[in-house]
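Colleague: What follows is each chain in one-letter form.
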Amino acid sequence: MFGRTLWPRRASSAQTAKERLQILLAHERGTGTGPDYLPALQRDILEVIRRHVPVEQDAVEIRMERGREVSSLEINIELPAPRR
Amino acid sequence: MTTELKQERPVGKIIVITSGKGGVGKTTTSAAIGAGLAKRGHKTVVIDFDVGLRNLDMIMGCERRVVFDFINVIQGEAKLKQALIKDRRLETLCVLPTSQTRDKDALTKEGVEAVLAELREEFDYIICDSPAGIEKGAQLAMYFADEAVVVTNPEVSSVRDSDRVLGLLASKTKRAEEEGAEPIKAQVLLTRYDAQRIAKGEMMTVEDVLEILAVPLLGIIPESPAVLRASNVGVPIVLDAPSNAGSAYEDAVARLMGEDVALRLDPDRRPGLMRRLFGRTA
Ligand SMILES: Nc1ncnc2c1ncn2[C@@H]1O[C@H](COP(=O)(O)OP(=O)(O)O)[C@@H](O)[C@H]1O
Ligand SMILES: [Mg+2]
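Residue numbers (the numbering used here), protein chains in the order written: chain A, 1031 to 1114; chain B, 7 to 288.
Incorrect hints may appear among the rest.
[Unchecked claim] List of simulated lysine to aspartate or glutamate pairs, DMTMM-like, C-alpha gap at most 25 Å:
1. B:Lys92 - A:Glu1108
2. B:Lys115 - A:Asp1066
3. B:Lys85 - A:Glu1099
4. A:Lys1048 - B:Glu229
5. B:Lys49 - B:Glu97
6. B:Lys45 - A:Asp1066
7. B:Lys92 - A:Glu1091
8. B:Lys49 - A:Asp1088
9. B:Lys92 - A:Glu1099
10. B:Lys206 - B:Glu229
11. B:Lys92 - A:Asp1066
12. B:Lys87 - A:Glu1058
13. B:Lys115 - B:Glu128
14. B:Lys85 - A:Asp1066
15. B:Lys49 - A:Glu1049
16. B:Lys87 - A:Glu1077
17. B:Lys92 - A:Glu1049
18. B:Lys85 - A:Glu1095
19. B:Lys85 - A:Glu1049
20. B:Lys87 - A:Glu1108
21. B:Lys85 - A:Glu1058
22. B:Lys87 - A:Glu1091
23. B:Lys87 - A:Asp1066
24. B:Lys87 - A:Asp1074
25. B:Lys87 - A:Glu1104
26. B:Lys92 - A:Glu1086
27. B:Lys85 - A:Glu1108
28. B:Lys87 - A:Glu1086
29. B:Lys45 - A:Glu1086
30. B:Lys87 - A:Asp1088
31. B:Lys85 - A:Glu1091
32. B:Lys142 - A:Asp1066
33. B:Lys85 - A:Asp1074
34. B:Lys92 - B:Asp130
35. B:Lys142 - B:Glu124
Keep in mind the hints are simulated off the structure, nothing from the lab.
Given the structure is predicted, the values throughout are model-derived calculations rather than measurements.
Work the whole structure out from these sequences, hints included.
Modeller: Below is the structure:
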């Protein structure tokens, strides 16, 4: 009885731990892109944009949210103010 | 007359969380102290210096949002503000994760110095989560520190390693090398403190440890299942449901800020009580 009241609560934080690890490790074990692809991706994105607009390196903001089903990569680029 | 009020820039204080020995609670402590300071409204950043074994992000619960890291910043592949992860619970809290794919040789003294200088402009407190050991990674984590929290468990190898680390803090750091600089203020944080095992004489008492290390005590964190629970869900212990370990960390944060907070857990009465209850075992 003692065990029964304690068990569900214990199991839930352990379950959360398992899920967090599964999501993280699925990403870490290889999407085939290599672990350090983000700096390279940023470099390439900047290069493409610079062909058209002059932007600074820190004008690019990349956010990531890794999920079980989908992950999202959000890229914000601050463009220079138009000249008056 | 309209004079623009000059906003006072914080002069970030750098605090290293170190120990020598692994598994004593450095990362748990870095997350707890970082979150504890941020909870009090101080702009705080916690940096993971454990290159190759990224763990702080998991303990802080931001592992899914890591894009760039400390090493990317040092190597000029990303700007600092791109690598900083803002905590979703406390807006005064940020994490600077480390790289999982490189090794500690990717850290350079100049690189670390430049990043810390930039962080100092923006943050009140910069918490450095040191790797275990006494080699390069651990030495870089402590080199620029103003204060040190030496995380120690009440057992022989941990105390011995803490002693070595105290020696390094007093000799191999910027403050130690600079003529006329105040030495690093080092304090011991006793963690994984198990009153029952101390009562049985299996573990050293607070007095034993302090007598050997001869530095002030920042606090005593009990061994607690709440720590494991908090790490499972990725919440620093001071932000999780109230627990004795969480309160002990909050007290340690208060002392870190110079407040005079009495030790809540009275470990010296516990042994006597235990002895009376269970009979002497030691
Ligand atoms: N006060 C405590 N009570 C119970 N377990 C703890 C406590 N502090 C740390 N731990 C556990 O000890 C292990 C090592 O802690 P961690 O903070 O990663 O140490 P380090 O960074 O020094 O290697 C982890 O499993 C953690 O949950
Ligand atoms: Mg650690």
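Colleague: Are the Cα atoms of B:Lys45 and A:Asp1066 separated by 25 Å or less?
Modeller: With Cα atoms ~33 Å apart, B:Lys45 and A:Asp1066 exceed 25 Å; violated.
Colleague: Check whether the Cα positions of B:Lys92 and A:Glu1086 lie no farther apart than 25 Å.
Modeller: Satisfied, since the Cα-Cα distance of roughly 22 Å is no more than 25 Å.
Colleague: Given the hint that B:Lys85 pairs with A:Glu1108, does the C-alpha gap stay at or below 25 Å?
Modeller: The given pair, whose Cα atoms are some 14 Å apart, holds under the 25 Å limit.
Colleague: Take the C-alpha atoms of B:Lys92 and A:Glu1091, compute the straight-line distance between them, and say whether it is at most 25 Å.
Modeller: holds (13 Å)
Colleague: Does A:Asp1074 sit within 25 Å of B:Lys87, going by the straight-line distance between their CA atoms?
Modeller: holds (19 Å)
Colleague: Holds or violated: B:Lys92 and A:Glu1099, Cα atoms, limit 25 Å.
Modeller: Holds, at about 24 Å.
Colleague: Take a quick look at whether B:Lys49 and B:Glu97 sit within 25 Å of each other, Cα to Cα.
Modeller: holds (8 Å)
Colleague: Please work out if B:Lys87 and A:Asp1088 have their alpha carbons no farther apart than 25 Å.
Modeller: This hinted pair holds, its Cα atoms lying about 8 Å apart.
Colleague: Need the status of pair B:Lys87, A:Asp1066: alpha-carbon distance at most 25 Å?
Modeller: holds (18 Å)
Colleague: Going straight from one Cα to the other, do B:Lys142 and A:Asp1066 come out at no more than 25 Å?
Modeller: Satisfied, since the Cα-Cα distance of roughly 23 Å is no more than 25 Å.
Colleague: Hey, B:Lys85 versus A:Asp1074, does the alpha-carbon distance stay inside 25 Å?
Modeller: holds (16 Å)
Colleague: Taking 25 Å as the top limit, are the C-alpha atoms of B:Lys92 and A:Glu1108 close enough?
Modeller: holds (19 Å)
Taken one by one, the earlier hints fail for this structure at numbers 3, 6, 15, 19 and 29, listed in ascending order.
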